[in-house]
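K.L.:
So you can see what is in the structure, the chains are spelled out below.
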Amino acid sequence: DGGITQSPKYLFRKEGQNVTLSCEQNLNHDAMYWYRQDPGQGLRLIYYSQIVNDFQKGDIAEGYSVSREKKESFPLTVTSAQKNPTAFYLCASRITGGGQPQHFGDGTRLSIL
Amino acid sequence: GIQVEQSPPDLILQEGANSTLRCNFSDSVNNLQWFHQNPWGQLINLFYIPSGTKQNGRLSATTVATERYSLLYISSSQTTDSGVYFCAAALGGNTPLVFGKGTRLSVIA
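Protein chains in written order, with the working numbering: chain A, 1 to 113; chain B, 1 to 109.
Hints are computed from structural coordinates only; laboratory data are not their basis. Be aware that a few hints might be false.
[Stated by the list, open to error] Interface residues of chain B toward chain A, partial, derived using beta-carbon atoms under 7 Å:
(1) GLN33
(2) GLY41
(3) TYR48
(4) TYR69
(5) LEU91
(6) ASN94
(7) PRO96
(8) LEU97
(9) GLY100
(10) LYS101
(11) GLY102
(12) SER106
[Unchecked claim] Label-pair restraints from in silico Cβ distances:
(13) B:VAL64 with A:ILE95: 19 to 27 Å
(14) B:SER51 with A:THR20: 38 to 46 Å
(15) A:GLY3 with B:GLN55: 21 to 29 Å
(16) A:GLY99 with B:ILE108: 32 to 40 Å
(17) B:LEU91 with A:ASN26: 24 to 32 Å
(18) B:ASN24 with A:GLN17: 40 to 48 Å
(19) A:ASN53 with B:SER75: 17 to 25 Å
(20) A:ASP106 with B:GLY1: 21 to 29 Å
(21) A:LYS57 with B:GLN78: 38 to 46 Å
(22) B:TYR73 with A:SER7: 34 to 42 Å
(23) A:PRO39 with B:ALA65: 27 to 35 Å
(24) B:TYR73 with A:GLN100: 32 to 40 Å
[Unchecked claim] Here are some chain A residues the structure puts well away from chain B; computed CB gaps all over 10 Å:
(25) SER7
(26) GLU15
(27) GLU24
(28) ASN26
(29) ILE60
(30) GLY63
(31) ARG68
(32) THR79
(33) ALA81
(34) ILE112
Here the structure is a predicted model, which means the values were calculated and not measured. C-beta: ideal position from N, C-alpha, C; glycine also.
Given the sequences, and given the hints that come with them, work out the whole structure.
P.N.:
In structure tokens:
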């Protein structure tokens, strides 16, 4: 089955700890994105990558880091510098070039212990 | 960057009623999508519609790109239509989608 797989579905972080959220796609999409959603709010862009080994900051990149070593994988690390990490995190991907929609994974819920 | 505004923020419907959700955007776009977020948080892709009109069952959408708005129509609403509807738009190239704040729809039996 083709799609975007995010893991884990639920994640708990202790104070001062870094955690990594996984996003894998087998759609052969070039571009991948990370969004954050707070309760009752829309989605805000954290980071995106249009090609392997390259990525750009979104609107709320502080306290997060990413890597793009493989086309199919775009992990997001929530560092201890992110003081309010509790949120729902969604990964997306799309084919580059005009006229193509973004597709989303099912999300990871991150909470502070 | 582009601004996306949705209205109304909340909507309550009796089952069987029709509704129209609106999305205004501030610039020319080459990508506009409508999503339904279900109670489990999944974003369901409803329409990819940077211009024109599309229909899928009881749902249809129209985007008038020159006037910078899009409409989502829900006919004969059902309780399973409840959830949050998001509009998202992007400028040219591979720029990421920018989301509106959503319309929270509650359909009551």
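K.L.:
With reference to the structure, classify each hint as holding or not holding.
P.N.:
Results of checking the hints against the structure:
1. Checking GLN33 (chain B) against chain A by beta carbon gives a least distance of about 6 Å; that is within 7 Å, so the hint holds.
2. For GLY41 (chain B), the interface hint holds, the least distance from its beta-carbon to any beta-carbon of chain A being 5 Å, beneath 7 Å.
3. Here the hint on TYR48 (chain B) is kept, as its CB sits about 4 Å from the closest CB of chain A, short of 7 Å.
4. Hint on TYR69 (chain B) is violated. Least Cβ distance to chain A is approximately 17 Å, over the 7 Å limit.
5. The closest approach between the C-beta of LEU91 (chain B) and any C-beta of chain A is roughly 11 Å, which is over the 7 Å cut-off, so the hint fails.
6. Because the beta carbon of ASN94 (chain B) sits about 5 Å from the nearest beta carbon in chain A, less than 7 Å, this interface hint is met.
7. Checking PRO96 (chain B) against chain A by beta carbon gives a least distance of about 5 Å; that is within 7 Å, so the hint holds.
8. The interface hint given for LEU97 (chain B) holds, since its Cβ lies 5 Å from the closest Cβ of chain A, which is under the 7 Å cut-off.
9. Proximity of GLY100 (chain B) to chain A holds as hinted, the smallest CB-CB distance being about 6 Å (cut-off 7 Å).
10. With its C-beta approaching chain A no nearer than about 5 Å, LYS101 (chain B) sits inside the 7 Å limit, and its interface hint holds.
11. Checking GLY102 (chain B) against chain A by beta carbon gives a least distance of about 6 Å; that is within 7 Å, so the hint holds.
12. Residue-level restraint check for SER106 (chain B) is violated (minimum Cβ-Cβ distance to chain A is 14 Å; threshold 7 Å).
13. In this structure the supplied range 19 to 27 Å holds for VAL64 (chain B) paired with ILE95 (chain A), their Cβ-Cβ distance being about 26 Å.
14. Between SER51 (chain B) and THR20 (chain A) the Cβ separation comes to about 39 Å, which falls inside the hinted range of 38 to 46 Å.
15. A hinted range of 21 to 29 Å holds for the C-beta pair GLY3 (chain A) and GLN55 (chain B), which are about 25 Å apart.
16. Take GLY99 (chain A) and ILE108 (chain B): their Cβ atoms lie about 39 Å apart, and the range 32 to 40 Å holds.
17. The given range of 24 to 32 Å is respected by LEU91 (chain B) and ASN26 (chain A), whose C-beta atoms sit roughly 28 Å from each other.
18. Taking the beta carbon of each, ASN24 (chain B) and GLN17 (chain A) are about 41 Å apart, inside 40 to 48 Å as hinted.
19. Evaluation of the 17 to 25 Å hint for ASN53 (chain A) and SER75 (chain B) yields a failure: the beta carbon distance comes to about 47 Å.
20. For ASP106 (chain A) and GLY1 (chain B), the hinted distance range of 21 to 29 Å is satisfied, since their beta carbons lie about 27 Å from each other.
21. Range check, LYS57 (chain A) to GLN78 (chain B): Cβ separation about 41 Å, and the 38 to 46 Å hint holds.
22. In this structure, TYR73 (chain B) and SER7 (chain A) meet the distance hint of 34 to 42 Å, their C-beta atoms being roughly 36 Å apart.
23. Here the CB-CB span from PRO39 (chain A) to ALA65 (chain B) is close to 32 Å, well matched to the stated 27 to 35 Å.
24. A beta carbon spacing of about 24 Å between TYR73 (chain B) and GLN100 (chain A) contradicts the range 32 to 40 Å that was offered as a hint.
25. At roughly 15 Å, the least C-beta separation between SER7 (chain A) and chain B is larger than 10 Å, which holds for a residue marked as non-interface.
26. For GLU15 (chain A), the non-interface assignment is confirmed: its Cβ lies about 25 Å from the closest Cβ of chain B, beyond the 10 Å cut-off.
27. With 10 Å as the threshold on Cβ separation, the claim that GLU24 (chain A) sits away from chain B holds: the shortest Cβ distance comes to roughly 17 Å.
28. No Cβ of chain B approaches the Cβ of ASN26 (chain A) within 10 Å, the least distance being about 17 Å, so the stated non-interface status holds.
29. Distance check on ILE60 (chain A): its Cβ is at least 12 Å (rounded) from any Cβ of chain B, clearing the 10 Å threshold; non-interface status holds.
30. Under the 10 Å C-beta cut-off, the non-interface status given to GLY63 (chain A) relative to chain B holds; the minimum distance is some 19 Å.
31. Against the 10 Å criterion, ARG68 (chain A) stays outside the reach of chain B, whose nearest CB is about 14 Å from its own CB.
32. With a minimum CB-CB distance of about 21 Å to chain B, THR79 (chain A) clears the 10 Å threshold, and the non-interface call stands.
33. ALA81 (chain A), annotated as away from the interface, keeps every beta carbon of chain B farther than 10 Å; the closest lies near 23 Å.
34. With a closest Cβ-Cβ approach of about 18 Å to chain B, ILE112 (chain A) is found to remain outside the 10 Å limit, as its non-interface label requires.
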